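Undergrad: Take a look at the letters that make up each chain.
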Amino acid sequence: MSAISEVFERCRREKRAAFIPYITAGDPDLETTGELLGALASGGADLIELGVPFSDPIADGPANQRAASRALASGTHLSGIFEVVARHRAAVGVPILLFTYFNPIHARGLERFAEQARDSGVDGVLCLDLPPEEAEAEYLPVMRKSGLDTIFLLAPTSTRQRIKKAAAASTGFVYYVSRTGVTGTQGELPENLMKEAKAVRRKVKMPLAVGFGVTTPEQVATIAKVADGVVVGSALVRLVEEHGGTPELPGILEQRVKELTAPLHGGG
Amino acid sequence: MAKVSLLKQRAAADRIGRFGDYGGRYVPETLMAPLDELTRAYDKHRTKRAFKRRLTDLLQDYCGRPTPLYHAKRLSERLGGAQIYLKREDLLHTGAHKINNAVGQALLAVEMGKERVIAETGAGQHGVATATAAALLGLQCCVFMGSEDMRRQRLNVHRMRLLGAEVRPVESGSRTLKDATNEALRDWVTHVRNTHYIIGSVLGPNPFPRMVRDFHSVIGIEASRQLKKKIRRAYPDVAIACVGGGSNSIGLFSAFLDEPRTRLIGVEGGGRGQQLGDHAARFDGGTLGVLHGTRTLVLQDSDGQVMETHSVSAGLDYPAVGPEHVFLHDAGRVEYTSATDDEALAGFHLLAETEGILPALESSHAIAEVMERAPRLTSDKVVLVNLSGRGDKDVESILEEEEKRRAQGTEAEPPRPRPHGDPS
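So the sequences go chain by chain: A and B. For what it's worth, my numbering labels the leading residue of the first sequence as 1, then goes sequentially. For what it's worth, my numbering labels the leading residue of the second sequence as 1001, then goes sequentially.
No wet-lab data here; the hints were simulated from the structure. These numbers were taken from a predicted model, which means no experiment stands behind them. Backbone N, C-alpha and C fix where the C-beta goes; we use that ideal spot for every residue, glycine too. Be aware that one or more of the hints could be misleading.
For lysine to aspartate or glutamate, the following DMTMM-like pairs were computed, each having C-alpha atoms within a straight-line distance of at most 25 Å [as the list claims (entries may be wrong)]:
no., chain 1, residue 1, chain 2, residue 2
1, A, K145, B, D1303
2, A, K164, B, E1037
3, B, K1229, B, D1258
4, A, K145, B, D1258
Reference excerpt, derived from the structure (chain A facing chain B, CB under 8 Å, subset only) [said to hold, decoys possible]:
no., residue
5, G38
6, F54
7, S55
8, L78
9, A91
10, H106
11, L110
12, E111
13, R112
14, Q116
15, L128
16, L154
17, R162
18, V182
19, T185
Computed far set for chain B versus chain A, every beta-carbon distance over 10 Å [unchecked claim]:
no., residue
20, S1172
21, G1173
22, R1186
23, G1273
24, G1289
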């Protein structure tokens, strides 16, 4: 069983949803990213999504776009991201999932990317603009061979057939996008989210995490009722933006993760 | 040239949405089902009599098709070689070929029950065309445009607004076409249920590259028919068009793909130099990548970060090229070259002075290539050039550009022989 599957298995036994925070690697710089991985884990992350900055993040809202720009401006390269993961993965102690666009993988070459990711301790890859259809021929076999989990996305527009397809291509879990739209915080969760997430979860027959726009502990609590995992991204990225470059940042992030995970542990 | 019919290969490629190794559908999951829906709708309507009729009527009575094929005798004489024929897409309603596709896709949007259309635009021509089609068919319209392009193409911004469209400035990246496309895609992901995204070139995920091409194929079909009338053969010896995303060129080339006697030449934006970042010549510095939903040649660094590009022409200022072009390049069917900013400006002046036609800066790149080639051909040869748009929109930026050059003196640009038509 992969480390990611073990997380969901453990959470299932503990009768709670997994908490999955997202940050962009290299924002504000890679050294800080190393510290932040530790802070997220201490705060209560079960699994960490680490974003690979890309010049043209078409599925991201303003907060993550700015994070990617800051990361690229600070000279972040894929190799540097692998080095940070290699240095911190063991101490961090929770699985790390790369959250990326396809072009950086494509540019490195699938095989080389997969080997380097695995060797650095990355546990899985979620590729935002690579649907199962385009992944079947090369991506999936290469990732499987390297033992990396492949997580695919589902959206409110996904048909029954597509849900099947994404579930078949995914290992570890499936990621449900809470709304038609890009990443970013939102005041209220979409009206039909609970119903839709429930329906999708029944169909995928594997752990389902819900993300995009989850911002507050209350929203985490709500989603935890229908999902096996809750992803919080932009809300944390905004904290990095606000406090980046200050020594307080890791502590602030850890504290926020504690608040966000409190409802999952029966608190809040 | 390949012995196998390229048109047959293309039909097979259309069925799978992939031109050999290029094309495909690399988009967020949210767009996958809507793209399936679009593909079904397009394949249903494109062969339907009623749809074809409606489109043909609009192209004819509203847009002004067929556009003339004009024998540019003074230009031919000046260059002293081949006979040059201009396909006058610049005379179409709104001033460029872009309206062919905008009207086609807007009609399709209506058929699909969408109430809103969005578009990205560089030079503003596709934005104007989309705003026009939206006004005509009663659709809401929002156009995304980089703020740098809004500055360069002020006139078109006003035109779109007068046509009732919202023009949304895009401030990210280099503030040009690439960034506008990012923003349009984000809007589409968010509003996909009631919105159709009218992509303006043969780019993006399947079915856009083939759909946009089909809507522009009328250019080559007409030109071939007109040549037949004028010179008694339905093909030129050379066909030349500029290539940004590559819609006007593929529209022209389509009619001659299986005609071995026609050389096909695409001209990219060579910008101000050969360094990455200084040009938009994807065939000369691009590597295989995935951008805006399609696998194609992209100007990028070794880490897969897409580079900023430069061209004096906003419509060519884009880091990727339509996937079918890469296929046609690999097949050895189309040759791709580039013209620098300076060469394009020289082309602009030459056509203005010899023929009384102000070409768009994009199309001026094709004229620059004609200046290279026509003199080397005998006078019985025929060069067909797609004059994809008119240059009214560029007058201001040309003045600005040339003032800048004068202020910088001679050191600004590498010395290049400037053919006839040099304004200085």
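Undergrad: Give a verdict on every hint.
TA: Structure-based check of all given hints:
1. Between A/K145 and B/D1303 the alpha-carbon distance is near 23 Å, which keeps this suggested pair within the 25 Å criterion.
2. Annotation: proposed proximity of A/K164 to B/E1037 holds, straight-line Cα distance about 18 Å (limit 25 Å).
3. Using a Cα cut-off of 25 Å, the hinted pair B/K1229 and B/D1258 holds, with the two alpha carbons roughly 20 Å apart.
4. For the hint pairing A/K145 with B/D1258, the CA-to-CA distance comes to about 43 Å; that exceeds 25 Å, so the pair is violated.
5. Contact between A/G38 and chain B, as hinted, is not supported at the beta carbon level, the nearest pair being about 26 Å apart and thus beyond 8 Å.
6. A least Cβ separation of about 7 Å between A/F54 and chain B falls short of the 8 Å threshold, and the interface hint therefore holds.
7. Hint status for A/S55: holds, given a least beta-carbon distance of 4 Å to chain B, under 8 Å.
8. Residue-level restraint check for A/L78 holds (minimum Cβ-Cβ distance to chain B is 6 Å; threshold 8 Å).
9. Evaluation of the A/A91 hint against chain B yields a violated restraint, the C-beta minimum of about 26 Å exceeding 8 Å.
10. Contact between A/H106 and chain B, as hinted, is supported at the beta carbon level, the nearest pair being about 5 Å apart and thus within 8 Å.
11. Violation of the interface hint for A/L110 is found here, the shortest Cβ-Cβ separation to chain B being roughly 12 Å, above the 8 Å cut-off.
12. Look at A/E111: its Cβ only gets to about 15 Å from chain B, farther than 8 Å, so that hint breaks.
13. Of the supplied interface hints, the one on A/R112 is violated, with its beta-carbon coming no nearer than about 12 Å to a beta-carbon of chain B, more than 8 Å.
14. Taking 8 Å as the C-beta cut-off, the interface hint given for A/Q116 is violated, the closest approach to chain B being about 13 Å.
15. Given hint, A/L128 at the interface with chain B, holds; its Cβ is 6 Å from that chain's nearest Cβ, closer than 8 Å.
16. Annotation: A/L154 was flagged as interfacial toward chain B, and the flag holds, the nearest CB pair being 6 Å apart, inside 8 Å.
17. At about 6 Å, the closest approach between the beta carbon of A/R162 and any beta carbon in chain B falls short of 8 Å, and the interface hint on this residue holds.
18. A least Cβ separation of about 5 Å between A/V182 and chain B falls short of the 8 Å threshold, and the interface hint therefore holds.
19. With 8 Å as the threshold, the beta carbon of A/T185 stays out of range of chain B, its nearest partner Cβ sitting at about 14 Å, so the hint is violated.
20. The Cβ of B/S1172 sits about 6 Å from the closest Cβ of chain A, inside the 10 Å cut-off, so the non-interface label is violated.
21. A beta-carbon of chain A is positioned within 10 Å of the beta-carbon of B/G1173; the least distance is around 7 Å.
22. Separation of B/R1186 from chain A is inadequate, the least Cβ-Cβ distance of about 5 Å not exceeding the 10 Å criterion.
23. Its beta-carbon lying about 21 Å from the closest one in chain A, B/G1273 satisfies the requirement of being farther than 10 Å from that chain.
24. For B/G1289, the non-interface assignment is contradicted: its Cβ lies about 5 Å from the closest Cβ of chain A, within the 10 Å cut-off.
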